[in-house]
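K.L.:
What follows is the residue order along each chain.
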Amino acid sequence: MSILVNKDSKVIVQGITGSAGLFHATQCREYGTQVVGGVTPGKGGTDVDGFPVFDTVEDARRITGANTSLIFVPAAFAMDSMIEAIDAGVELVICITEGVPTLDMVKVKKYMEGKDVTLIGPNCPGVMTPGEAKVGIMPGYIHTPGNVGIISRSGTLTYEAVWQLSELGIGQSTSVGIGGDPIIGSTFIDVLKLFNKDKDTEAVILIGEIGGSAEEEAAAYIKENVDKPVVAFIAGSTAPKGKRMGHAGAIISGSSGSAADKVAALEDAGVRVCPSPAEMGETLKEAIS
Amino acid sequence: MNIHEYQAKELLSKYGVATPMGKVASHEDEAEQIAKDLDSEKFVVKAQIHAGGRGKGGGVKLANMLDEVKRLASEILGMNLVTHQTGPEGKLVSKVLVEEASNIATELYLGMVIDRATEKIVIMASQEGGMEIEEVARTNPEKILKEYVDPTVGLLPYQCRRIAYFLGLKGKTVNKAVKFIIGLYTAFTENDCSLAEINPLILTNDGDVYALDAKMNFDDNALFRHPDIEKMHDPAEEDPTELEAKKWGISYVKLDGNIGCLVNGAGLAMSTMDIIKHHGAEPANFLDVGGGATADQVLQALKMILSDPNVKAIFINIFGGIMKCDTIAEGVISAAKEVGIEVPLIVRLEGTNVELGRKLLSESGLNIITGSDMRDAAAKAVEAAK
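Quick note, the sequences are listed as chains A and B, same order. So for the first sequence, my numbering puts the first residue at 291; every next one is plus one. So for the second sequence, my numbering puts the first residue at 1217; every next one is plus one.
For reference, chain B alone in the conformation it holds in the complex:
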């Protein structure tokens, strides 16, 4: 799960991570009032959407005087912000963060992720602030310092000092950076983050370090123990069907093709997309109905697929392990009765209770095309969608 910059900054400031003074506004008057309350001469107005590249897209503006804040806020609020991460359709801006402008001496980079290869939290630091870290890693890998954290002892101050020295910090700024990095790490571990990125981390002319921007992602698997984080979720940032799917415990990702897929298991669901492509067509979605799906979840999954007007055929590919084939069959039958399925339905069933599942389907009176195996079913689905 992702949160907005303003939410990340609010959370981080509780952990002693220095951030510029500021507040979020959803109206231009509110933005002006926030600016008035800040003890500053210049201000920054920042669009709050999850995608990166907001500045280049015109979603981040500097106000050289108080009077400009209201105008800039009114320009940004309600705009459809297009960045390299939003896709061409862009994202509607409904909130802006109004902050004091910082006097920036240097822009740096600080990030934390869970490194899959070493199975540890890794902290990455670079003097190349403001750039995408992947780009730096590709072109100048020597410009990135990586510190790995041993989970037994956690992040140690000496590691933070190493990072600070690598970033070129000196004197009392080193201590400020140590406090900053420890704070970020504590926020990361206490809230089960999967990513925390401060880009840029700025050094001011006064020798202070601030998080000029902040991005935090959280491990969906751990949200059960962080109800306060879960409350920060902004449903406007997500595809409504994907959101609906989550409520039902279904993984759904909308794609651009015309063959709807209903599969159990993520690997098989991806492979089902792959084999449709292999046969010359495009999948309309990724859909993993889960390992232990109920008939009701199958019904909901079919409704989601049918809500996509591009869908010209549905390919149900089930290999029952935890999931029993008769459960799938019951779901399909009740969906057909409830919503009506007008497009061709291609079903391939194998696994636990397969005979019972096939029997239920064949006795249901539904018009179903049966696939004997994955290739056969994929070929029939591609043909049916033509």
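The shape of chain A in the complex, shown without the other chains:
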């Protein structure tokens, strides 16, 4: 088993005729993911590299039976695309797009309330269940099927963790990049709940970073609800205050959002926090042995 995506996931790509959309649709298909088509308004009825293109998500879903959408549209259109997918009844919406205005996400989150849909991202690498489905932009070959779940606010740091695990012969159940923006579709807690229920996930790596309080909230949740071993790394212990570190959400504002606070909260919840990003794999290995 796994969470969110598997070999039965049927994926459409919104923005499939753009260069990033097409490149990654092709990469996902090569990995073995069922990429059943794409959406680009005005190009419905055409075909791009073997992918049928539809004008609307509704058409794509009705004709292909897709249950998952992967979004690559420019930031200015991301809110529209996310809500179009939600309205079309797509169960899992994964938005890769970077640079989505925060107030757009405030609206999207409000719009999603009470609806049976999961949004991952934006500004994220996507979701990967090794050996079954790659729905995102991560390099497929570094992953190995197995029993460690990964949740991360960072893209490349997720790959780093996966790579360290695979080098140690430890496979992953599912790897979820939740995104680096201040407001995101699914939080650490949303994904922790799924991993906690998943029989095939035996341990979890949580990768956080400075800014906000999502790690502290996750720590409180873990303390109360999670018995599986959790290992964490928090990026940005050397970041200066008040400076945005690339991600819109990675900023220490005033006295809140520092790495030290997050590390303390996680350790208090019984989480093993790695002092160095090079030790994520080894620390997880210790935690499960």
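No lab work stands behind these hints, which were simulated from the structure alone. C-beta: ideal position from N, C-alpha, C; glycine also. Be careful, since some hints might not be right.
Coverage of chain A stretches by chain B, computed from C-beta distances (three or more under 8 Å per stretch; other residues unrestricted) [to be verified]: (1) 383 to 392; (2) 430 to 443; (3) 446 to 452; (4) 479 to 487; (5) 492 to 500; (6) 519 to 529.
No farther apart than 25 Å at their CA atoms in a straight line, the calculated lysine to any residue pairs in the SDA-like style are these [to be verified]: (7) B:Lys-1258 <-> B:Thr-1322; (8) A:Lys-533 <-> B:Leu-1459; (9) B:Lys-1230 <-> B:Gly-1327; (10) B:Lys-1362 <-> A:Val-516; (11) B:Lys-1493 <-> A:Ser-546; (12) B:Lys-1470 <-> A:Glu-403; (13) B:Lys-1286 <-> B:Gly-1303; (14) B:Lys-1336 <-> A:Arg-534; (15) A:Lys-531 <-> B:Thr-1322; (16) B:Lys-1392 <-> B:Thr-1355; (17) A:Lys-399 <-> B:Lys-1470.
One side only, chain B facing chain A, incomplete, derived with CB under 10 Å [unchecked claim]: (18) Met-1295; (19) Ala-1353; (20) Lys-1463; (21) Ser-1467; (22) Ile-1491.
Could you slot chain B onto chain A? The hints should help.
P.N.:
Same frame as chain A, now just chain B:
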């Protein structure tokens, strides 16, 4: 993106937010003329820099008569203003705001931010005007009222009245405060603010409310739909290299160490800094070249790193997802040809097209130290920078 107080006040007054009468000047004569045109007996001359704490640093002065305005303006213009937010190097003042002085009965606080935990805009109000809200939140949290705005209906008048009553306002002043708060909220949402802070918000002896100070920050991600806001950007307030980086779509933050970092992805870029520190050295910068960087962006990023004279080694740490390793390799090779890299270059590549990237680098004839993984590369970078 941040703007100056005078710009924030100009913008807010368009939304019905009451501000003291005044104008910005970049010369003492201009300042005097502005004061002459104001219908007031006393004036305030305020340095326009982005940092807070201007008053304590000597950047805000009261003129008890018109004659003093010119002298005070000439003192403040051109001064190097040091506050707790500028750092010890201070900030050169090139503009002053000349305003009528207000008769202040009470100083209050009003602020708006996007609250990440509740995913809503939150309005914070307090009677502790003039103090930093974080300090109040730490010492007297009960003295702060928080009103959360439901995005479906927006800020409602009853919420503004609650704020007004909490602030101790009475009678017609309540209506003035409601108009003020609605105006601030409208300015916030229409312009994609990330923060709007009125500290202090003042109540005058005549029962009026004014924004004595105004601070507004904007969501960089939303600037594409606010060209008028983007025009307010003052490049003098930013580090020139950080500004140059932005033009190229690169996130760069200058730090004090001697190991230059070129990384893709913000999380990995922060971790690269962290691991350098973990190995006993200091990073010279944060640099995220972006998810889909081109060879040209890599070239520009290397130029930025090399422009820092403190850099004794460069650590390139790439894990390719969107970014292909061969793209990085091409950028490094063309940078070496164009600018010449005299300091040791430590490269760690992994991810999409990694074999092609490694091949390009090894066939380039460049003197490159290869790291097998992050720890190995970090250790080699720290050693090379010694």
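K.L.:
For each hint, tell me whether it holds in the structure or not.
P.N.:
Going through the hints against the structure:
1. 383 to 392: holds (count 5)
2. 430 to 443: holds (count 3)
3. 446 to 452: With 5 residues close enough to chain B, the hint holds.
4. 479 to 487: violated (count 0)
5. 492 to 500: holds (count 3)
6. 519 to 529: Our answer is that it holds, as 6 residues pass the Cβ test (under 8 Å) against chain B, meeting three.
7. B:Lys-1258 <-> B:Thr-1322: 18 Å, holds
8. A:Lys-533 <-> B:Leu-1459: This hinted pair holds, its Cα atoms lying about 13 Å apart.
9. B:Lys-1230 <-> B:Gly-1327: Holds. Lys-1230 of chain B to Gly-1327 of chain B sits at ~18 Å (cutoff 25 Å).
10. B:Lys-1362 <-> A:Val-516: It is violated: about 32 Å lies between the C-alpha atoms, which goes past 25 Å.
11. B:Lys-1493 <-> A:Ser-546: 22 Å, holds
12. B:Lys-1470 <-> A:Glu-403: Distance of about 41 Å is beyond 25 Å: violated.
13. B:Lys-1286 <-> B:Gly-1303: 28 Å, violated
14. B:Lys-1336 <-> A:Arg-534: 21 Å, holds
15. A:Lys-531 <-> B:Thr-1322: The hint is violated at about 32 Å.
16. B:Lys-1392 <-> B:Thr-1355: Distance of about 30 Å is beyond 25 Å: violated.
17. A:Lys-399 <-> B:Lys-1470: This hinted pair is violated, its Cα atoms lying about 35 Å apart.
18. Met-1295: 23 Å, violated
19. Ala-1353: 9 Å, holds
20. Lys-1463: 15 Å, violated
21. Ser-1467: 4 Å, holds
22. Ile-1491: With a closest approach of 6 Å, the Ile-1491 of chain B hint holds.
The earlier numbered hints that this structure contradicts are 4, 10, 12, 13, 15, 16, 17, 18, 20.
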